[in-house]
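**Student:** Residue strings, one per chain:
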Amino acid sequence: MNRPGVSRPGVSRPGVSRPGAKRDPVPLGAAAGITVAGGLVLAAMNGSYLGLTVTTGVAYAVVTVGMVLQLGYSRQLAFSQSVFMGVGAYGTGVLETRYGFGSLESLLAVIALAAAASLLIGAVITRAPGLALALATLLLPLFIYQLATDSGWLGSFSGINGVLPFWSGPDYEATLVRSGIVSVLLLGLAAGVVLRVMRSGIGLQLMAMAEDERLGESIGVSLRQRRLEVFVLGSVLAAVGGAVLASTQGLVTPDVLSESAEITLLLMVFVAGRKSVAGAISGAVVIEYLTTSTSFISTNLGIIEGIVLLLILLIEPDGVAGAVDRLLGHRTDQWAASLRAWSAARLQARAHSTPESAERELAAPGHGTRDVEARGGGDGGGS
Amino acid sequence: MPSATPPATPPATPALEVEDVSVSYGKFLAVESVTLTVGAGECVAVIGPNGHGKSSMVTAVAGLVRRGGVVRVFGQVLPAASPGAAVRAGLVLVPERRHLYPALSTRDNIMLGSYSRTRRIRARQAWQDVSWVLGMFPELARLLEQQAGTLSGGQQQMVALARAMAARPRVLLLDEPCLGLAEAVARRVYDWLGEMTRTDMTILLVEENPVHALLVADRAVRMYKGLVERAEARPA
Amino acid sequence: MSEFLNLLAAGLTSGGIYGIFGACLAVWFRVCNVLNLAVGDFAMLGAVGTAWLTQTAGLPFGAGIAVALAGVGLVAWLFDRVVLHLAFDRGAGAHGIVSVFFYTFGLSLLLEGAARAMFGTDVFGAPAIWPGPALAVADFHVQRAGLLVIALAIVSGLLLWAYLRFTVSGRAASACGESVLGSRIVGIDSAKFRRRIFIVTALLAALFGIVESPITGYTYASGPTLSLIGVVAAGFAAFRQPGRAVAAGLAIGVAEAMLGGYVSTSYSDVLLYAILFCIIIVRPEVLGLGPEPA
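Listed in order, the protein sequences are those of chains A, F and Z.
Here the working numbering is used: the first residue of the first sequence is 1, the next is one more, and so on.
Here the working numbering is used: the first residue of the second sequence is 1001, the next is one more, and so on.
Here the working numbering is used: the first residue of the third sequence is 2001, the next is one more, and so on.
Just chain A, same shape as in the assembly:
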């Protein structure tokens, strides 16, 4: 940990992977931490109704963690998470109740299904500007929901019963706790994967792409590939979340794919903080608790959702997590600064890749570098 020239623990050197360099401990640490902490919490709740609510929140958290990557980091607007959650939930339900799959098998199958479907959709649509993806995925819940409710095979309005828990126990409470632990483990894995991506060179490319697509392209970011990867990962995580939901509740209903489910997910991500994994997790759990527990909130849901969303957008676009981050320190500023330095360095490296460009740089003294200096130095006031 104290080897000279190695990045400080917790901060990965952007974009550089050197043999022998220390691996970034945060993703694995977060995964382990979430699993252990979550497991302890659920064990303490011992199968109570609160425990059920928290585990349901965990299911949504798996989805929102993926949305942090999609919406928060890459600014990819897709409204398809609830549909893929439905794919996960219904897939699990159908495979287990009609084809006798086990929990693990159905989970793997559902992941494969979601990956295939999102690849198919994404392969073409990511060629087009982001608004096309947004538009297409806006339509998705509309007809998928009706298909699910009309289809007898999918259980129509009542859905599918008899989904297996992840890990059975001697009684209902123990089953809930054990399955909850598996769910939390899956959440930890999801968080670990997303954090790993966010903190790697790919993560910086995603931020560059989100910030300014043309800049990103000019420093070699493969826009189409990144967009596709993000879309597929987000969709797969949503499906895993759906599988967790189905296993927790033991049943699948069409509500999981409705527009209001998508709205709830979006709110969770915005309120809690769309750039923060920790925010997404806590937001999902808290909001799930709030929406199901108090009757005042459920009856006036629309008005409250609208006002909360507007307040968040105006006052604290990075959500509660963003506010906390600002209060605690300037970590995101550091990442943003390292992104700027990294992309500026890449720009300079590219600018000097041909003799003519190097000459041009000499002829117009210092124009490029001074801009970088000005940005670095004079940026105290801007955001």
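Since the hints were derived computationally from the structure, they do not count as laboratory data.
Model, not experiment: these values are computed from the prediction.
Check the hints yourself; a few may be wrong.
If you want a taste of the chain F side facing chain Z, the calculated C-beta under 8 angstroms gives, among others [to be verified]:
| hint | residue |
| --- | --- |
| 1 | G1075 |
| 2 | Q1076 |
| 3 | V1077 |
| 4 | A1080 |
| 5 | P1083 |
| 6 | V1087 |
| 7 | P1102 |
| 8 | D1108 |
| 9 | M1111 |
| 10 | L1112 |
| 11 | T1118 |
| 12 | I1121 |
| 13 | A1123 |
| 14 | A1126 |
Using C-beta positions, here's what the derived DEER-type ranges look like [said to hold, decoys possible]:
| hint | chain 1 | residue 1 | chain 2 | residue 2 | range |
| --- | --- | --- | --- | --- | --- |
| 15 | F | Q1147 | A | S218 | 14 to 24 angstroms |
| 16 | A | S48 | Z | C2278 | 18 to 28 angstroms |
| 17 | A | E259 | Z | V2123 | 57 to 67 angstroms |
By construction, the Cβ of each residue, glycine as well, lies at the ideal position given by its N, Cα and C atoms.
Once you have looked at the hints, place chains F and Z on chain A.
**Tutor:** Relative to chain A, chains F and Z alone:
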């Protein structure tokens, strides 16, 4: 008989008076204090390294960002944050990097330059009022229907200049007019500027390259770290 | 043949609504690069508000329409003055692709929730502006309200198109969306354009709701689906061209009617959305969207 003292000729009202103008972006002070005067028909260049407030200063003078201090055009005080009022008073800015309307045609880009001053409702009539600018930029005549975003950098700069002239300015502010342009195009711009200096147009020109600036300027003012330096360079 | 014509008439009627919503979305997006996802909710407020005012509160018809429209205008003005002003003029808040959808999305949630609280879950239909039975030519039947909708859609579509194309003000409005700094330099007040066009499109949507609701009936939840189809129609016009948006809307409406009549009444919506989805997925170029602005 005592000789009557000849009546003092009142000094001509300066075209542009900038008094103690300051610009801050949040906590960052871009321009600390600028005071300068440009006489009618003069061409003054503002030179100095990048990042020291030249652009911020002219942008503020044109009313696009909040500023402290006072700006007067031919004696008339300009409200602090109203670009429309500035244009109506005859002060027009050609901004750094042009900022044209990429999806609109060249014709519309130029016509909209007169937006603050036209009373026309129909776009065609408004265009006919300003089509005289094509006399200054004949190469634009065949580009009128083309979308401005598809033009080359040099052509876009011509359109930006034409748009500014459509407002019939008396004081023209130019912010780095040759930024990113090839040498041949820069020469074309400076030829036009040279012609302008021979009219009664008042010009304030921000230029990083002092050699270019002193080709057309009567005098130069240097900005460093948000302040105007006392020494003024005179062209040889 | 008569069945085809009747379906066509019904399709053009709903298509007229989709189209005009698409045109409203396209015009406003052109001005400020934001999609008005609440356009359907404004229509709902117009329809439900007028119905409630005339039927429950007992106002005379003309007054009911006037009050409902005034209310919609007020809501639109307030939203711009408070939320959009803070977001775009003061630079607070979220930006980029998020702002394209989510501010008006929040408004839509709010309006829907408020309508539910105020009007309950009933179905409302405003009184007909042109009362009477359906007009008949041989076997061809068309509802009077439907004819009004189609006529109104064509007229307002033409007006919007002409405004953008031929007037100085319309060119200035387009310039607002093209370059913020570029429009300010020539003295264009983009905040004013944004506000005025938002209010005008809200009022237009409300008017259409009032005219069309005798046929279909509106509930507090009718808004979002209408907004959504409007967004799709606008999407097929690259979110810029009102004329094309009206044409796209009409096509969608006719397709919906034909699918309902000839294929299956219960699955017509599913098929329609699935077809639109596939078109966008397989051929996104149809939308005509250019490269995104930096």
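**Student:** Run every hint past the structure and note whether it holds.
**Tutor:** The hints, checked one at a time:
no. : hint                                    : verdict
1   : G1075                                   : 21 angstroms, violated
2   : Q1076                                   : 16 angstroms, violated
3   : V1077                                   : 17 angstroms, violated
4   : A1080                                   : 14 angstroms, violated
5   : P1083                                   : 5 angstroms, holds
6   : V1087                                   : 5 angstroms, holds
7   : P1102                                   : 6 angstroms, holds
8   : D1108                                   : 5 angstroms, holds
9   : M1111                                   : 7 angstroms, holds
10  : L1112                                   : 5 angstroms, holds
11  : T1118                                   : 6 angstroms, holds
12  : I1121                                   : 6 angstroms, holds
13  : A1123                                   : 5 angstroms, holds
14  : A1126                                   : 5 angstroms, holds
15  : F/Q1147 with A/S218: 14 to 24 angstroms : 23 angstroms, holds
16  : A/S48 with Z/C2278: 18 to 28 angstroms  : 46 angstroms, violated
17  : A/E259 with Z/V2123: 57 to 67 angstroms : 20 angstroms, violated
Violated hints, in rising order: 1, 2, 3, 4, 16 and 17; the structure is consistent with all others.
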